[in-house]
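The whole structure should be built from the sequences, with the hints applied where relevant.
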Amino acid sequence: MKVCIPGAGVWARGISGFADLRQLARGGELPDVEFSAPKPEAISARERRRAGLTINLAVAVAHEACEVAGVDKAQVPSVFASAMGDTEITDYMCRKLCQGEKLLSPTKFHNSVHNAPSGYWSISAENRAPSTFVAGYRESFGAGMLEAVSQMQATQQPVLLVAYDIQDQAPLEHVTPIAQSLACALVIAPEGWAQTHTGALTNCAEIALVAGEVVADSPQAPGLVELAGGNPMGIGLTLLERLVAVQDGGAVEAQIRVPAAGRLWLDVRLGPGPSV
Amino acid sequence: MVFVNQLTLTSALGAGMDSMRESLRDERSGLTDRGWPGSDVECFLGIADIPSELCVPAQRESRNNRLVEYALQQDGFIDHVAACVSKHGADRVGLVMGSSTSSVDRTEQAYAAMLEDQGEPAFADHFVQPETHNPHAPGDYAALRLGIAGPCMTISAACASSAKVFAVAQRWLDQGWVDAVVVGGADSLCLSVIYGFHSLQLIAASPCRPFSPDRQGISLGEAAGFALLSTEPAQVQLLGVGESCDAYHMSSAHPEGLGATLSMQRALQAAGLTIDDIDYVNLHGTGTRANDETEARACSGMAGENTLFSATKGWTGHALGAAGIVESVLSINALLTGFVPGTMNTEQCEPELPVMLESQQRQISTVLSNSFGFGGNNCSVVFGQS
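Heads up: the sequence lines are chains A and B, in that order. Anchor point for the first sequence: position 2 equals 2 in this note's numbering, and the numbering is continuous, going up by one each time. Anchor point for the second sequence: position 44 equals 44 in this note's numbering, and the numbering is continuous, going up by one each time.
Any given hint could turn out to be false.
Have a look at the derived ranges for each label pair, beta carbon to beta carbon [as the list claims (entries may be wrong)]:
no.: 1; chain 1: A; residue 1: Glu126; chain 2: B; residue 2: Gln201; range: 26 to 34 Å
no.: 2; chain 1: B; residue 1: Thr32; chain 2: A; residue 2: Ser218; range: 50 to 58 Å
no.: 3; chain 1: A; residue 1: Ala251; chain 2: B; residue 2: Ser365; range: 53 to 61 Å
Calculated from the structure, these hints are not laboratory results. No experiment lies behind these values; they were computed from the predicted model shown. Heads up, the beta-carbon is just placed ideally off N, CA and C, and yes, glycines get one too.
Here it is as structure tokens:
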């Protein structure tokens, strides 16, 4: 299936948006800084504090991808994907429930649903289009991408994909280790979208579902390798890096193998960017 | 066109379709006041009685996976899927699960055991189960158990989770990603949900009474259910799914029922029908003051002249992430058997929406099932006689 990728958003340690990732992909160095949480302006400071990291990450990259793509934030359907969801809240609730009184914060409880970032996004964008949350554990990025592509094919409209996982702490870090917090978002649009809109990152991507044993691709820039390695959503960074490469004209075509479920993977081929 | 080829449900109404039908016929609610280990919240629960001897592999051990296993063992479902897999090939059969709790029951236990030890913050060895302590655990377990190797994912959109699975399956079949799809839902009772809803003051001390003017809140439940969908003709057809967001509040529904209305309208549009064509609507009907009021407003604005409305959470409890599959099965069962369930426990209804109190035996040809969740996530599913 042929698609167009009009926009992307990203946040990780040392990366505060797609422009930063572009610099890294072009050979820039990953700044030696601590991870800092995004502060998406689309939600109030009070809400941001109540929301927690997964929500702030997801909402920040969702808005960025839509802005880069120039799609209508109030109309675009969305797919959120995460391997583990909000492990800070899982940890909070499980600890509280071991105590005598078991008093949970009502805000933390309603934020514990895995579609909480989707809820905050829809409120912040005043968006009443369908929105979903997809999990596929280690293959969550591919599962989310499959769902986004399938929705796009059904509606022939752009669909927003938002993928994130946060670093976990003991005891969960010994069970389901995630070393780095990371979020990335893509707007995936039908092939013909680029004919009526300008500025797409690439208007020539092809995605196919293939069966067989694969090893997920990794980024090439050393800084991105480090960030991508410790997070199931690292494959998203690989995809964005290759997107920059084909856009810059350094690669005629790039292939990214995205594990989607068991022996199934998405074969994503990015063609030359619109400027070439 | 997408058809419902097989169906099974395990809930507080019993294990498998025959037990469910017996409970329906006997007008027997599954709600009980026998309580939950570790909980002192005064409430009624819809508990699925899982046999203690039932086994799942140690790496997958959790109440939620045991509930999945128990449900899969009913109605010959495993054999039906095996036949489907051998016909089409394992890669050509997909699985979409809906779950909100996943196996968090097991994560709670792992923490409890860890904190009692007072040692290093680490799970005891038998709790180190990466495939189980994650949101995809029920989808992963069901696919493993059924030998499915096609696309597989778990939708987690709170109480709309296992209604949305039908939308995914319909797209996969329409677009030719697969030849058949198992859809399902599984949520199990655990302290997180009991104390979570308690913190929001939404749990009724008595059995829930959806749409009753004196309703006091929800009764929680647990369930697992599955359907096998394909393009192979069967008596019941999936006609359309509608999805929407409220874009209003994380845990309160839009006061005018805007998202609920959009969800129903989109489902009807997808099915090529109007509300007048719908014989029966299975409401989300949780029994909280605000939710039922909102849904009544949304439905009264579009009620067809002969449409029957009822809410069935007084029978099963609110199975949260499994509510979509529970109520889809009850709705499909109404198409198959003509048994249209009444609004159990409710003796008088809100004037805004005259819900059906007593069950009825009536031949019906189309049903719509509503599922609305936290995050303002809404889904409506329409089924009909082929």
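So, going through the hints one by one against the coordinates:
1. A:Glu126 / B:Gln201: 26 to 34 Å: Given a distance of about 29 Å, which is inside 26 to 34 Å, the answer is holds.
2. B:Thr32 / A:Ser218: 50 to 58 Å: 53 Å, holds
3. A:Ala251 / B:Ser365: 53 to 61 Å: Holds, at about 56 Å.
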